[in-house]
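Just so you know, we're using this note's numbering here: the sequence shown kicks off at 32 and counts up by one.
Treat the hints as calculated values from the structure; they're not laboratory data. All C-beta atoms, glycine included, are put in the ideal place defined by N, C-alpha and C. The reader is advised that the hints may include incorrect statements.
[Stated by the list, open to error] Quick list of the computed label-pair ranges, beta carbon to beta carbon: (1) Gly-298 - Ala-88: 36 to 44 angstroms; (2) Gly-58 - Gly-257: 24 to 32 angstroms; (3) Ala-186 - Pro-262: 40 to 48 angstroms; (4) Asp-134 - Tyr-285: 26 to 34 angstroms; (5) Arg-211 - Arg-57: 24 to 32 angstroms; (6) Arg-124 - Ser-209: 24 to 32 angstroms.
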Amino acid sequence: MHHRRHQALGIAAGAIADAVFADPQRGHPVALFGSAVAASERRIHADSAPRGAVFAAGWIGAGSLVGLVAGLVGAAGTAAAAFTALGGTSLCRIGDQIADTLDAGDIDGARAIVSGLVGRDTTTLDEAGICRAAVESIAENTSDAAVAPLVWGAAAGAGGMLGYRAANTLDAMVGYRSARFQRFGWAAARLDDAANLVPARLTAVLVAAASGRPADTWRTITRDAGAHPSPNAGVVEAAFAGALGISVGGRTVYAHGVEDRPALGDGPAPLAADLRAAVRLSRRVQWASAALAVGVRSYSGRYLP
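Given the sequences, and given the hints that come with them, work out the whole structure.
What follows is the structure in structure tokens.
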């Protein structure tokens, strides 16, 4: 019981630390993890789904093990794991920075900033295209970088948070539908999808509640989310579109090809003001999910060892 209460305290401390400090510019543990993953991928890569599955399981297991050890340290170790796993504050600061840059009339600067947030080609995007890319990323990463780590923290403590972050990082690195990773990255992509099934839907619930527009949010989700190629991104992007009264989706150019994404939402394409509204909504959802995670982890300690 005391162990779970310590972990609840650690999750709270880690969420507060993320809100205050955001991601460190250098030496972030996730960046170091990514460097190690990239180095090992170059050594063992093969056009093989089974080899990719072993690769993914090994790295996710390593992340979970580090988290388990951190959790044994007590609240401080869990706080460190939570701070490592969470990335919502940096996400929102980048969103505000893009909006500020657009308001200053610097579209080239906004393209450069958003290119660090999304994987698509941003070189020809206008203001609506930049804001659409940013809003879609904020929606998806509110779930991936904030709600999901907290859900896994509530369910499995520090080990759950770092295991989840490992899975999500692997998907970002090898889960693309490119020729190189079509087979090798299949397991990483599917594991990330599974890990985000519940968090994405909880994010949608919190978006509906925090926006004050639950009917519009749910109507957009139920009508549009299923057309998106991702089982999770579609849910959260549709939720944000409905909550903000905008539309996202459309032609998206990537290095590996062009995707025609379905339209999500009924309103106009987002502009800088809508991007700021998306950031505010994301922050409310993040704080609500942190409170839920702390409450669940603390309350469950009354009944579970």
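Hints, verified against the model:
Between Gly-298 and Ala-88 the beta carbon distance is about 42 angstroms. The supplied range of 36 to 44 angstroms therefore holds. Take Gly-58 and Gly-257: their Cβ atoms lie about 41 angstroms apart, and the range 24 to 32 angstroms is violated. Between Ala-186 and Pro-262 the beta carbon distance is about 20 angstroms. The supplied range of 40 to 48 angstroms is therefore violated. For the pair Asp-134 and Tyr-285, the supplied restraint of 26 to 34 angstroms holds, since their beta-carbon distance comes to about 28 angstroms.
In this structure the supplied range 24 to 32 angstroms holds for Arg-211 paired with Arg-57, their Cβ-Cβ distance being about 28 angstroms. Under the hint 24 to 32 angstroms, the C-beta atoms of Arg-124 and Ser-209, about 30 angstroms apart, fit the expected range.
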